[in-house]
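This is what each chain is made of:
There are 2 protein chains.
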Amino acid sequence: MRMKVVFIGSGNVATHLALNLQSKGVIICQIYSRTAANAEALATKIGTSFTSDISKLERNADIYIYALKDNSFQEILHQIDLPHALHVHTAGSLPMNSFEGYAQKYGVFYPLQTFSINRQVDFAQIPICIEANSPETEKILLDLAHLLTQKTYIINSEQRIKLHLAAVFACNFTNYMYDIAAQLIDKEIFGFDILQALIVETADKVMTMTPRKAQTGPAVRFDKNIIEKHLSLLDKTPAFKSIYQELSENIYQTHIEK
Amino acid sequence: MRMKVVFIGSGNVATHLALNLQSKGVIICQIYSRTAANAEALATKIGTSFTSDISKLERNADIYIYALKDNSFQEILHQIDLPHALHVHTAGSLPMNSFEGYAQKYGVFYPLQTFSINRQVDFAQIPICIEANSPETEKILLDLAHLLTQKTYIINSEQRIKLHLAAVFACNFTNYMYDIAAQLIDKEIFGFDILQALIVETADKVMTMTPRKAQTGPAVRFDKNIIEKHLSLLDKTPAFKSIYQELSENIYQTHIEK
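Chains as they are written, first to last, in the working numbering: chain A, 2 to 259; chain B, 2 to 259.
Worth flagging that the hints you see were computed from the coordinates, not collected in a lab.
A few of these clues could be false.
For identical chains, the list gives no copy identity; a pair is met inside one copy or between any two copies.
Pairs of lysine to aspartate or glutamate, EDC-like flavour, derived with a Cα cap of 20 Å [stated by the list, open to error]:
1. K106 - D63
2. K230 - D71
3. K242 - E229
4. K214 - D82
5. K214 - D63
6. K237 - E159
7. K140 - D82
8. K70 - E159
9. K25 - D123
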């Protein structure tokens, strides 16, 4: 399979997907971004051409992969007139039928991972969720996904958005807990690295136990003394105090109902 | 150093600490718990004696390590009359001077980790925070800690409680985010394992980046469309909806202020 792919978008998802597909023999023939410098940055990494002018979009690619913020997606899609190509987006919460009226062959190619620039990820570990508007398109997208990972799932838009929602808790909100912890540690004594073993073990535990069973801490023990002490330490950061209170109360309710 | 240690408590912390200290040549000469079956379970793992009768506590140990819930600690301490031994607790949020009036030599031996029964941990990676009421006791506790890890810190009670508070966010609340995610994924299609690569990568990222830089997701992009969709999916779970709203708002405020 020597697929020719155009990337619409040049952010974290586009970058990782483009580099990894290219390493599996896929031809990335163009990068489009509204910001020329961003398009150029990714095109340089790939060694391909780029444009920030939608009218100069390469017309002969097999697949157009949209890796954009959801609101940019709608705007850009309106301007594209390539009804015979295959169009796919990579978004967790955008329904597949967003393409309706703009394309005949379309689908979704959603890698369930958090991507940051300059950080390698192992695609073989990443689940890719596929949706397509025809069996032929589904086959093409599955073949493309299998270049990267064996962990493929065929799910519909409703199932995907629920998965994305779960991922926001498991990843984005988890990372925000790390951010709060980083703000709370006494920087005159410790670096954030003092929390590393704890963070890694917390993640590793749920590889083999349910999070329900893995729960530790003052809230699950209902250790009211500690909770009161912690809340008083948070008096000067009311936002964190409110989060502490809400999460502790929920943990307690979850475990007392057992 | 052939220290003789009695453990007061038989939960997760006592279990891991007792087993690991024993493996380094420390003699665990007795396990005390108010619940005889719990004391016996740990004593059997260690191959030592146990009691649930405080009057039968071994009187000739070098160190008495209290690994208890904070409220049990105060109750049990009142009943102990061994003023010449060294007494230490393992709690993050209990001040060292809780021992005042009950002992002459005392301190704190706080391992910064989440412990679950039946799950091995590598103590060499675990920071141990020490506090002592004299230089001699500090030296003894540091020597004991160095049997397990080179990551030792001498900190006071105020510094320790702040560290414990940060750990509640980095570990206990993070695990609760995993628990919510587990509840949100569609169990007819996926197991919790679909989130594993994401959870591991989220933790791994902050080994080399700050959580601030590692933040991804709809809130940091202020992708209002997605946030609204996710909130409407959470209508039937108002507790999760409230958490989603509060954390998204805080993430947004954190990153817009950059």
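Between copies, within a copy, both or neither: which fits K214 and D63 at Cα up to 20 Å? For K214 and D63, the Cα distance exceeds 20 Å both inside one copy (48 Å) and across copies (35 Å).
Indicate which option fits the pair K230, D71 if close means a Cα-Cα distance not exceeding 20 Å: within, between, both or neither. between (43 Å within a copy, 12 Å between copies)
Within, between, both or neither: how does the pair K237, E159 come out at a Cα-Cα threshold of 20 Å? Only across copies: K237 and E159 sit 16 Å apart there, 41 Å inside one copy, limit 20 Å.
Check K242 against E229 for me: Cα-Cα at most 20 Å, and say if that holds within a copy, between copies, both or neither. within (11 Å within a copy, 25 Å between copies)
Alpha-carbon proximity context of K140 and D82, limit 20 Å: neither (24 Å within a copy, 75 Å between copies)
When Cα atoms must be at most 20 Å apart, do K25 and D123 count as within-copy, between-copy, both, or neither? Answer is within; shortest intra-copy Cα gap is 13 Å, inter-copy 38 Å.
Is it within, between, both, or neither for K214 and D82, if the alpha carbons may be no more than 20 Å apart? neither (53 Å within a copy, 37 Å between copies)
Homomeric proximity label, K106 with D63: Cα distance no greater than 20 Å: Answer is within; shortest intra-copy Cα gap is 11 Å, inter-copy 76 Å.
Regarding K70 and E159, is the shortest C-alpha distance of 20 Å or less found within a copy, between copies, in both, or in neither? within (19 Å within a copy, 44 Å between copies)
Consistency with the previously given hints fails for numbers 4, 5, 7, ordered from lowest to highest.
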